[in-house]
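This is what each chain is made of:
Number of protein chains: 2
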Amino acid sequence: MACSYFLRTLPRTCLQSAKPILFNPARTFSSSRIQAMLTTELSETEISALRANKERLASDLHHSCQWGSGIRWGDGPTDTGMQRLALSEDDKSVRDWFIQTMKDLKCKVTVDEMGNIFAVRPGRRADVPATFIGSHLDTQPTGGRYDGILGVLAGIEVIKTMNDMGLETEGGVGVVDWTNEEGARFPMSMISSGVWAECIPLARAHNLKEVPTVASLPTAASAPETMKSALQKIGYLGDIPCSYKSTPMAAHFEVHIEQGPYLVSANQRVGVVTAVQAYRWFRLNVIGRDTHTGTTAFEHRADALYAFAQMMVRAREVAASKGCLASVGIVEVKPGSVNTVPGEVSFSLDIRGPETKLVTEVEKELRTDFDAIAATEGAGIGKPCRVEWTLDFDSPAVKFHEDCIDCVQQSAQAVVADASVADTKSLVRTIMSGAGHDSVFTSKRVPTSMIFIPCKDGLSHHPEEFSTADDCATGASVILQAVVRYDRKRFL
Amino acid sequence: MACSYFLRTLPRTCLQSAKPILFNPARTFSSSRIQAMLTTELSETEISALRANKERLASDLHHSCQWGSGIRWGDGPTDTGMQRLALSEDDKSVRDWFIQTMKDLKCKVTVDEMGNIFAVRPGRRADVPATFIGSHLDTQPTGGRYDGILGVLAGIEVIKTMNDMGLETEGGVGVVDWTNEEGARFPMSMISSGVWAECIPLARAHNLKEVPTVASLPTAASAPETMKSALQKIGYLGDIPCSYKSTPMAAHFEVHIEQGPYLVSANQRVGVVTAVQAYRWFRLNVIGRDTHTGTTAFEHRADALYAFAQMMVRAREVAASKGCLASVGIVEVKPGSVNTVPGEVSFSLDIRGPETKLVTEVEKELRTDFDAIAATEGAGIGKPCRVEWTLDFDSPAVKFHEDCIDCVQQSAQAVVADASVADTKSLVRTIMSGAGHDSVFTSKRVPTSMIFIPCKDGLSHHPEEFSTADDCATGASVILQAVVRYDRKRFL
Numbered sequence: 196m197a198c199s200y201f202l203r204t205l206p207r208t209c210l211q212s213a214k215p216i217l218f219n220p221a222r223t224f225s226s227s228r229i230q231a232m233l234t235t236e237l238s239e240t241e242i243s244a245l246r247a248n249k250e251r252l253a254s255d256l257h258h259s260c261q262w263g264s265g266i267r268w269g270d271g272p273t274d275t276g277m278q279r280l281a282l283s284e285d286d287k288s289v290r291d292w293f294i295q296t297m298k299d300l301k302c303k304v305t306v307d308e309m310g311n312i313f314a315v316r317p318g319r320r321a322d323v324p325a326t327f328i329g330s331h332l333d334t335q336p337t338g339g340r341y342d343g344i345l346g347v348l349a350g351i352e353v354i355k356t357m358n359d360m361g362l363e364t365e366g367g368v369g370v371v372d373w374t375n376e377e378g379a380r381f382p383m384s385m386i387s388s389g390v391w392a393e394c395i396p397l398a399r400a401h402n403l404k405e406v407p408t409v410a411s412l413p414t415a416a417s418a419p420e421t422m423k424s425a426l427q428k429i430g431y432l433g434d435i436p437c438s439y440k441s442t443p444m445a446a447h448f449e450v451h452i453e454q455g456p457y458l459v460s461a462n463q464r465v466g467v468v469t470a471v472q473a474y475r476w477f478r479l480n481v482i483g484r485d486t487h488t489g490t491t492a493f494e495h496r497a498d499a500l501y502a503f504a505q506m507m508v509r510a511r512e513v514a515a516s517k518g519c520l521a522s523v524g525i526v527e528v529k530p531g532s533v534n535t536v537p538g539e540v541s542f543s544l545d546i547r548g549p550e551t552k553l554v555t556e557v558e559k560e561l562r563t564d565f566d567a568i569a570a571t572e573g574a575g576i577g578k579p580c581r582v583e584w585t586l587d588f589d590s591p592a593v594k595f596h597e598d599c600i601d602c603v604q605q606s607a608q609a610v611v612a613d614a615s616v617a618d619t620k621s622l623v624r625t626i627m628s629g630a631g632h633d634s635v636f637t638s639k640r641v642p643t644s645m646i647f648i649p650c651k652d653g654l655s656h657h658p659e660e661f662s663t664a665d666d667c668a669t670g671a672s673v674i675l676q677a678v679v680r681y682d683r684k685r686f687l
Numbered sequence: 196m197a198c199s200y201f202l203r204t205l206p207r208t209c210l211q212s213a214k215p216i217l218f219n220p221a222r223t224f225s226s227s228r229i230q231a232m233l234t235t236e237l238s239e240t241e242i243s244a245l246r247a248n249k250e251r252l253a254s255d256l257h258h259s260c261q262w263g264s265g266i267r268w269g270d271g272p273t274d275t276g277m278q279r280l281a282l283s284e285d286d287k288s289v290r291d292w293f294i295q296t297m298k299d300l301k302c303k304v305t306v307d308e309m310g311n312i313f314a315v316r317p318g319r320r321a322d323v324p325a326t327f328i329g330s331h332l333d334t335q336p337t338g339g340r341y342d343g344i345l346g347v348l349a350g351i352e353v354i355k356t357m358n359d360m361g362l363e364t365e366g367g368v369g370v371v372d373w374t375n376e377e378g379a380r381f382p383m384s385m386i387s388s389g390v391w392a393e394c395i396p397l398a399r400a401h402n403l404k405e406v407p408t409v410a411s412l413p414t415a416a417s418a419p420e421t422m423k424s425a426l427q428k429i430g431y432l433g434d435i436p437c438s439y440k441s442t443p444m445a446a447h448f449e450v451h452i453e454q455g456p457y458l459v460s461a462n463q464r465v466g467v468v469t470a471v472q473a474y475r476w477f478r479l480n481v482i483g484r485d486t487h488t489g490t491t492a493f494e495h496r497a498d499a500l501y502a503f504a505q506m507m508v509r510a511r512e513v514a515a516s517k518g519c520l521a522s523v524g525i526v527e528v529k530p531g532s533v534n535t536v537p538g539e540v541s542f543s544l545d546i547r548g549p550e551t552k553l554v555t556e557v558e559k560e561l562r563t564d565f566d567a568i569a570a571t572e573g574a575g576i577g578k579p580c581r582v583e584w585t586l587d588f589d590s591p592a593v594k595f596h597e598d599c600i601d602c603v604q605q606s607a608q609a610v611v612a613d614a615s616v617a618d619t620k621s622l623v624r625t626i627m628s629g630a631g632h633d634s635v636f637t638s639k640r641v642p643t644s645m646i647f648i649p650c651k652d653g654l655s656h657h658p659e660e661f662s663t664a665d666d667c668a669t670g671a672s673v674i675l676q677a678v679v680r681y682d683r684k685r686f687l
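Protein sequence lines correspond, in order, to chains A and B.
Going from the first sequence to the numbering used here is simple: count from 1 and add 195.
Going from the second sequence to the numbering used here is simple: count from 1 and add 195.
Derived by calculation from the structure, the hints in this document are not laboratory data.
It is possible that part of the hints are untrue.
Only some residues are given here: those of chain A computed to face chain B with a beta carbon under 7 Å [stated by the list, open to error]: (1) T337; (2) A379; (3) S522; (4) R547; (5) P549; (6) I626; (7) A630.
Beta carbons: idealized from backbone N, C-alpha and C, even for Gly.
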């Protein structure tokens, strides 16, 4: 989809006059303040020398993780996971902190009707949208400290570095916290960037109910909240329409842990994300018949759970045969009694693949296979199981924007150039994202790309999810440079 | 185990004097009252002519089902299932009705500390325990109108028929409602007859918590109740110790729907239950690792749910190969998010077989196979799944008592003798029970046997569970005669 706000072709005459300054890239920017340094006047050497502050980033990140600390896995003060479900009290606390932090950094903060928080450091031009750095502060119920959180915290670090340097951009630079990216509490991932992109209707999002499996957590009410009631409850139902038209962006950059094993196992430091794999989320119901476990022979059963078990085994076989993934994360079994054969099972099915077409092929084959499994179970009594599919979410494969990819690629090469290896270029690779991110939706409306950094064991959505402070700082430095390069691309 | 209270050898000299009466078996007993008819003085012809009142039994049974009516499956007034979980408000209501009914029938009612209700119609001798008819009034969350309920209602009908006839027994005749037989709300079936038999410690039973999967039903509190707190809440924590020593029985008879297809598919009318198959209930935990569904290749997963699915498929294979059953009724998946590979799954496993040894063999083979499945899933990352077993309940195979079986056998043949088929004997068969019943525990302490009647499609633990009024009356007539025959066996 075309970008409505991409201003690369803006005539140079629109630029205001600016005072050139001398600038030595060998200096540590964060420790000194320089008046009116302009992105448009930096040399390539100067840009390549831009670095985020590793210690400050790590300190801020762990500070923000005091709200919603989760399962402890080690002895260190930061050796806990996170359980900061979207719009929980902990999410409110970290949002309050984020807003105050950005205001202290002289940013203008707005909140839209999905609770998305936009903090903009003004550029020299008031008439153009800002380039955004964004991600999310919510986590999985048993998540870690980096997924999403690093993306927002890297944004804060970029603003702090720019302030310290006195760097003035032409367009503004924004940081956005997208609501409920995980889809863990409200079961639609990236829902709020989806509404912003006008790909998901606001009413559908507002009416979405929290999932019962999460309702037992202390963050959720005993009766399921809707997103709207949850937004109201914590005071984050903003009055600005949630739309790319009301809150325009010039571009969207996002730094994220890889959540996979490729970078870490190849000892690489940066992934330049060029695309996101396709995925489809389904909810399936298998309907059989409740019967007594002790008196009902196998051939007299229509055991919905046994049918499910066969389906799950088959799903992996089919997905693997096509280089795709198929996963079940939620299962509900009724009536749920030790000595009753379950008559109803509902479960989630998440199918992913590098191409939209492959995901569709897996789905098609599984529809046939699941029908066959259901038809067999219960056939002996003439009352076979049946299976119903509902598509909850459809995210076709995404290709990121060449301009953004270029900025990230150049920045990544520049940042890893310090490394003590012969061929520093080998530390950077292009990569496809296995997971969805808010960048999927921003890419529908504005140029977008992402930066991956390695994470331990490729693990995420787990309390032990971990990236080193060095890798986090590398990601922040790359996104800092990428935003500067993009500003120059727009206005130089 | 020997019966402490079986008084067959009591000397005849203990019998009080009794006035003989004339008795014509062609009469309808329920419509006329005869003074001081004695069991010891009935002829075999007279005993064989004893019948329960079909219409009254059906009317009482459906009347009692007003408390806890469940899912509707047809248009008729009684075309609903039942959801009368143990110690719920509905269970309290039907208990109150049961007690009032028995008091109106001149029975002495006592309640023990497990909430078991014993109603005794006194016999001519005050110094001997009563012969009991028993079953349970609780149901599965999606149960029907016959499982358990018929057994108690048949007991009421026996007392009513005896009262109408003016039949005096030597020992008393009791009706017992055993608490939480289903094990649906408090996850241990036959728990209260188990405490009575001193096979389950009282404290363990009192401390048992209701299962979370049932907690969402309107009958359960939001915080899990223990059995003791639930008994207190509805006023059924009696002060009589729950023990066969405090509430002795001469014998225990139980009429029940078959819950299987053998009688109904062979057009047979009565099953003389000689034994109960063995079963063991386990709770298993599979521990893997939470990871992201989109970024974690299959070979990098330790997917506890995928391991579970393979286990369930394997459990059926192994059980079937040994003529046993294996069933999963409860599954809990953590963390329960669409895009997180589940790191923990706990599930119930119910293994049954005709012999204790076969159940043990299935268990042994599954322990090996489940370990192998767990070891494979996650092996790629050196963090394989592991599986833990907990035995929740162990019920070895039971052989019922020859004296009780004889009484039931003779009574069944007598009751079906009216049938318009050439060989009425073919309408009765001996049968093994697939399900556990309170009779399993009573059989540990006193002579016991059971009577099965056909049920539609062999279906139970389902709202559409159904037996005809004729079949129910047959069951009640058989138990009526069996109790009379047993009384004669004791004292003649």
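Okay, the hints, checked on the actual structure:
1. At its closest, the beta carbon of T337(A) sits 4 Å from a beta carbon of chain B; the interface hint therefore holds under the 7 Å criterion.
2. This hint holds: A379(A) has a C-beta 5 Å from the nearest C-beta of chain B, less than the 7 Å allowed.
3. At its closest, the beta carbon of S522(A) sits 4 Å from a beta carbon of chain B; the interface hint therefore holds under the 7 Å criterion.
4. Contact between R547(A) and chain B, as hinted, is supported at the beta carbon level, the nearest pair being about 5 Å apart and thus within 7 Å.
5. The closest approach between the C-beta of P549(A) and any C-beta of chain B is roughly 11 Å, which is over the 7 Å cut-off, so the hint fails.
6. The beta carbon of I626(A) is not positioned within 7 Å of any beta carbon in chain B (closest approach about 11 Å), and the interface hint is therefore violated.
7. A hinted interface residue such as A630(A) counts as satisfied when its beta carbon comes closer than 7 Å to some beta carbon of chain B; here the least separation is about 4 Å, so the hint holds.
In this structure, the hints that do not hold are numbers 5, 6, in rising order.
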